Each structure stands twice: as C-alpha cells, then as structure tokens.
Amino acid sequence: MVAHKRVTQRNEGSSWVSPDILHAAMVGDYNEALAAIKEDANCINQLNDTHQNALQVAIINFHEDIAFLLLDETDISVKHKDALGRDALDLALFGASEELCERINDRWYEEPDPDVDSDQNQPVIG
Amino acid sequence: MSEREQSKLKTAKILKFQKKYSLKDRLSVLKIFVEHLKENKGNEFSKPKRIIEDFYSHSDMSYDDIFELYYRKIENIKAGKTRGIDDPELFELVRDFVFRHAPKKIMCLSAALSIKLIGDALDYFFTDDRKSTIALSQLMRNSIPEMKAEKSKYITLLSIDESAIYKVGFSKWDGSDNDSMGIKKNLEKAYPNKIDIYLAIMNVHDHRHNFSILFYGGGVTDLYYGLNVIKSDIFILKNWHYGDPLSIQYKQDEWDREDNDRYMLCSGKSLTVNGVTEITNSERASDGFMNDHWKYRNWLELVKGKEKNDALVKAEMIFDQLVKNRNL
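Chains as they are written, first to last, in the working numbering: chain A, 1 to 126; chain B, 1001 to 1328.
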C-alpha cells in the first residue's frame, strides 16, 4: 500500500502550517478541510495516489461530515473516477449513509459528464 | 377484487420490494443502467425500443404491456428526469438487463447486492456433493447423526451478532512468542497501530457464506470486505481502497488443540498487508529458504477485554455503513 504523502508540514500539536484537503478527508479533520477550502478553492482538484479526490477520500474513510462539507461548500466533482473506475456515487452507494447517497445521487444526475479524454481520468497506478 | 383490496395488495407488494432492495441497491442498479446507456449512446441497442425488446425477451409480460408501461419511463430515466427506482417490475427488468449487459460494472453495486453476487459466484468454485445432499433445513434441524458429523467438519466462526471479533496473531513458528529476532517489535515501532488486524463476521442468513471484513486497529483506510465461505473454511476478501484480492484459509491449530478459539491461518496465497506483515502458507514455513518474516506462524484468535470492545465498536460502525439495515 502506498500511503498518501503529505506535502505540507504539520505542527506538533493540533494545528497545521498549511491545510491539506486530502489529508483532512483522510483523517476526518473538519477544521483542516474548512481551512483548505478557504485558502484555495481549487484544492478540490487535488488527487491522491489512487486518483481519488477529497470527496472520494472522505467517503472511503467514512468521514461523512467532510463529504457533506465538500458538497455544501464546493463544486467538487461527483463523477470523477478513481484508478479503479469508481466515482463518488459508486463509493457512497457501497459504504455511506442513505442521506449522503441521495445528496450525491442528485448531484450526479446534474453534473455534466467529464471529458473522457482528459488526462485527469487516466489511472496513475498500475 | 375491490378497489381497496387492490390498493392494499399493491402497497404490500411495494413494501416487500423495498424490503428486498434498499434505496442504495436500487440507486446503484439504476446508475449502472444510465451509465451503460450513455456509454452506448448512438448505438442501436441503447434505443428505448430495443431495450423494450430486450425486456420482453426476458420477461413473462406481453410486448404491448411492457411497451405501454415502460417506453416513456425509459426515455425519462435516460434523460435523468426520473430515477425509476419505485416500480418493482421495472426495477427487476432493469436489474436483469444490467446483469446481462454490464457485468463489468457490477463491482459498483451497493455492498448488499455485491455480497450476494460474489456469494453466488463463489458457490460455483466451492460446490461439492454435500450441497446437493444436505438441505439447509436438515442441517438446522440437526436430527440425523450423519448430518451432525457432516456439519462438524466445518469450523463455525462466531459472528459479530454474538459479540465476537477475531484478531490475526503472529508468533514464532516454533510456538514461542519471545520474538528473539525482534521482527515484531520493529514492525510495531515502524507502524504503530498498524499491527492490529481484526476480522469480523456478520451472518447473512445464508448457509453457504457470511459477510466478513478485515481492518486495522488504527484506522479504516485499509478495509477488506468479502465473504467467509463456510464449507471451505476460507475468507475471500477485497481491499475497498485498492481493489487487491485476498484469500485466507484457516484450520484448527495443531499446537493448541485444547484451545477452541484459536485457528491456524494457512492461506494458499500470501497476504501482504501494507508490506508490514505476511500471512503465509504455514506448511512452507519449515522450508529452509524462507526469510525471517516467514518464520512467523499466523493465527486467528477471539479478542477479549477492552481491546474487544474497541474493535467491536469499529466493526459495528463499518458494518452499519456498508449494510445499514442488514437486509442481506
């Protein structure tokens, strides 16, 4: 397994020097997620080693508060597919609450289909 | 039949349908259906008329009825105007369609449907003569002596419903736990919270399989899910994050015959967890070519005390997220 590598340094204690949306989604740090979104709205485009965005990372780690935050405050894609070809709705339908599934399901039918030729949709792991 | 009786019957039918397929089950099937149609846009087979023909050829309903009832609905589902998840007959037709035309996508079904499907597929590989000769009711009744003998051939692991959870243990091959080479200590130092690996089992009211999960004590990023195939004493699991398959076979521990709670792990395919620990084929451990890691034997053991409570809470949380109403 290749763990998500943090690029930013963390302070010893409870705060971070620079908030990282993927790290926040992985560990369930709501404040860090909020700070990351405020600092850089484009952080929602960051991907981890399995090509998952923050919403997918939050779902796979059962951090639904972060998932709802991302849905409420950002335009994060619910159709972006990870290295295994699963989008946020696939992951939510497998392992999230019905409430979160319905939220993502509604967004899924509204969001335009991604460009399949985009580099972003190419798997990064073998 | 009066109008009121008809209405009652319809309500009962819908309730039964909703009990059989949770909202997540229905949404996942419809999503795959819509995706399949989009991917085949412009293709003759994705046209509503052809879909109706396909439905008809796999249904007992008349062509006219199917056309009248579902042509417009399919158009609306395709356009995203309706979800099509509340009509029992339509859902069954769509589900059947998806399973026939988009089998590669069924990995994206809800946990409950996936587990059912994996279970049915695995049955093909683990079928034996006993299956056809011993009915479930006979096993449960357990009244015939031969049946008792057959049943006792399999190891029955306890489920989370019995407040039981297992931990994967590691000890030196010679039976001592002194860790003279310091491998375990080094692993624990390098990967705190990663060395505790738990296995939990949930009954799914199927005499062939139980729903199972394997996870770490420190977090739930590394979650494996799958089935415990009862009659083969084996776990077939898949990593939720990375998709890696994993099989773990178990048998009664020959070193601890008296201890009913401990089982040797003897997986045919070695389990590499995070590159940290390995569950290997125990028979090969005496091989002189094995490195130090392989000199450790692995076992499954019931967790007790405070550790049990913590692990149970985590396992319950995971099961709840995967199959909330346990409608497996």
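FYI, nobody ran anything at the bench for these hints, they're computed from the structure.
Everything numeric in this text was worked out from a predicted model, so none of it was measured.
Careful: at least some of the hints might be erroneous.
[Claimed, not checked] Result set (DSSO-like, lysine-lysine): computed pairs, CA atoms no more than 27 angstroms apart in a straight line:
id	chain 1	residue 1	chain 2	residue 2
1	B	Lys1105	B	Lys1167
2	B	Lys1324	A	Lys79
3	A	Lys79	B	Lys1081
4	B	Lys1010	B	Lys1105
5	B	Lys1019	B	Lys1081
6	B	Lys1324	B	Lys1306
7	B	Lys1013	B	Lys1116
8	A	Lys79	B	Lys1231
9	A	Lys79	B	Lys1047
10	B	Lys1013	B	Lys1081
11	B	Lys1041	B	Lys1105
12	A	Lys79	B	Lys1306
13	B	Lys1010	A	Lys79
14	B	Lys1167	A	Lys79
15	B	Lys1105	B	Lys1019
16	B	Lys1078	A	Lys79
17	A	Lys79	B	Lys1105
18	A	Lys79	B	Lys1013
19	B	Lys1238	A	Lys38
20	B	Lys1116	B	Lys1324
21	B	Lys1019	B	Lys1049
Which numbered conditions among the earlier hints are violated in the structure presented, ordered from lowest to highest?
As far as the earlier hints go, 1, 4, 8, 12, 13, 14, 18, 19, 21 are violated by this structure, in ascending order.
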